[in-house]
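S.K.: With the hints as constraints, model all of the structure from the sequences given.
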Amino acid sequence: MKAVMTVFARPLAAALVIGAVGIAGLAGPAAANDSSAELAAGGLVFVHNDAIEMHSEDLFVSTRLVRVKYRFFNRTDEDIVSLVAFPMPDITISSAEQNISFPTEDPVRLLDFTTEVNGAPVENSVEQRVTARGLDRTALLTGMGIPLAPHLRSTNMVLDGLPADQWDKLVRLGLAEVVEYDDDGTGMKRHLEARWTLHTTFYREQRFPAGAETLVEHRYVPSVGLSVGSMIGQPGAASDPYTRPTIDKYCVDKSFLAAAERAAKKAEGGYLAEQRVGYILTTGANWAGPIGDFRLVVDKGAPDNLVSFCAEGVTKIGPTLFEVRKTDYVPTENLDVLILTRSLQ
1 MKAVMTVFAR
11 PLAAALVIGA
21 VGIAGLAGPA
31 AANDSSAELA
41 AGGLVFVHND
51 AIEMHSEDLF
61 VSTRLVRVKY
71 RFFNRTDEDI
81 VSLVAFPMPD
91 ITISSAEQNI
101 SFPTEDPVRL
111 LDFTTEVNGA
121 PVENSVEQRV
131 TARGLDRTAL
141 LTGMGIPLAP
151 HLRSTNMVLD
161 GLPADQWDKL
171 VRLGLAEVVE
181 YDDDGTGMKR
191 HLEARWTLHT
201 TFYREQRFPA
211 GAETLVEHRY
221 VPSVGLSVGS
231 MIGQPGAASD
241 PYTRPTIDKY
251 CVDKSFLAAA
261 ERAAKKAEGG
271 YLAEQRVGYI
281 LTTGANWAGP
291 IGDFRLVVDK
301 GAPDNLVSFC
311 AEGVTKIGPT
321 LFEVRKTDYV
331 PTENLDVLIL
341 TRSLQ
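Heads up: the sequence shown at position 83 corresponds to 83 in the numbering used here, and the numbers run straight through without jumps.
Don't take every hint at face value.
As the list claims (entries may be wrong) - Simulated pairs of lysine-lysine, DSSO-like, Cα-Cα distance not exceeding 27 Å:
1. Lys254 to Lys265
2. Lys249 to Lys69
3. Lys326 to Lys69
4. Lys326 to Lys249
5. Lys69 to Lys316
6. Lys254 to Lys316
7. Lys326 to Lys316
8. Lys249 to Lys265
9. Lys266 to Lys249
10. Lys249 to Lys316
No wet-lab data here; the hints were simulated from the structure.
M.R.: Structural data, given as structure tokens:
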């Protein structure tokens, strides 16, 4: 006999993580003031069922790769077949000035997301929906031949080629905005740009055998927020209301600020560069009981980089690696990692 349940993943906006530890090494120079935002993704959300335990979660976070390995255990005497879904972060380009970091140009595999189950690759189905002003407009856009990814230049090129009456319709429905800029050096021109929200969800059916463990691994390239001229490391940063949200969000402490200020003085232009990565941890609280064995490893990328994030019990295990271990862990807040580096290369 088989039981059926549903599992979802929900990448929400990143929040603060419990504890307060800043970890510092040396860093180097940065250039002009420019930035892009990051999108936080995370793990599987379970519609609570007492049948499936998470025996362990092994999470690796860096600016180039996020990898999470789960050991799930079905503690019943029945196989359980579940719909497992992993939504990507929603994508909305709300203005012409907005700049969000995307690791790929693929309109569907936004973060190059892959899955393995018990060591073997598995294919996920994908659903993409478009909403604007709270209404689903997917059928409208596909019927007009408009690509669904609002952040890609190729999508806006299609919008530019639409007749004027369709421009008016899309603007009226909140799906697009008319902006003016010179994109080829020949003078100012009117362009139609996407302003809808794209929802992308990967999903599959997953069998959890009775009385057995199931190993699930996800990998993806994270969306990394970038700022080439960080105010962290500048004199007075601790008392500057502009930098206070960053200090609080990443648990930046006095020793980190002092190390950043020393590094910034040696940097070309006197500024460090920021890299920011978020991960949703709180979904791990939805399984039956706590996470038996939780391990987090954060890689700051280079020995001279500075890294700060909120956590308790952080141990340095390598020149660039920092580890957190928990037993019977119930995550209540999410992970945000700040890295200061010599450049964004």
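S.K.: With reference to the structure, classify each hint as holding or not holding.
M.R.: Against the structure, the hints come out as follows:
1. Straight-line distance between C-alpha atoms of Lys254 and Lys265 comes to about 17 Å, which keeps the hinted pair within the 27 Å bound.
2. For the hint pairing Lys249 with Lys69, the CA-to-CA distance comes to about 26 Å; that is within 27 Å, so the pair holds.
3. With a C-alpha separation of about 15 Å, the suggested pair Lys326 and Lys69 falls inside the 27 Å cut-off, and the hint holds.
4. Between the alpha carbons of Lys326 and Lys249 the distance comes to roughly 21 Å, so the proposed pair stays at or under 27 Å and holds.
5. In summary, the hint linking Lys69 to Lys316 is supported, as the alpha carbons are separated by about 21 Å, within the 27 Å threshold.
6. Between Lys254 and Lys316 the CA atoms are separated by roughly 19 Å; this keeps the pair inside 27 Å, and the hint holds.
7. Proposed proximity of Lys326 and Lys316 is supported: the alpha carbons are some 15 Å apart, at most 27 Å.
8. Using a Cα cut-off of 27 Å, the hinted pair Lys249 and Lys265 holds, with the two alpha carbons roughly 24 Å apart.
9. Taking the CA atoms of Lys266 and Lys249, the gap is near 26 Å; set against the 27 Å cutoff, the hint holds.
10. A hinted pair counts as satisfied when its Cα atoms are at most 27 Å apart, and Lys249 with Lys316 qualifies at roughly 21 Å.
The structure meets every hint from the earlier list without exception.
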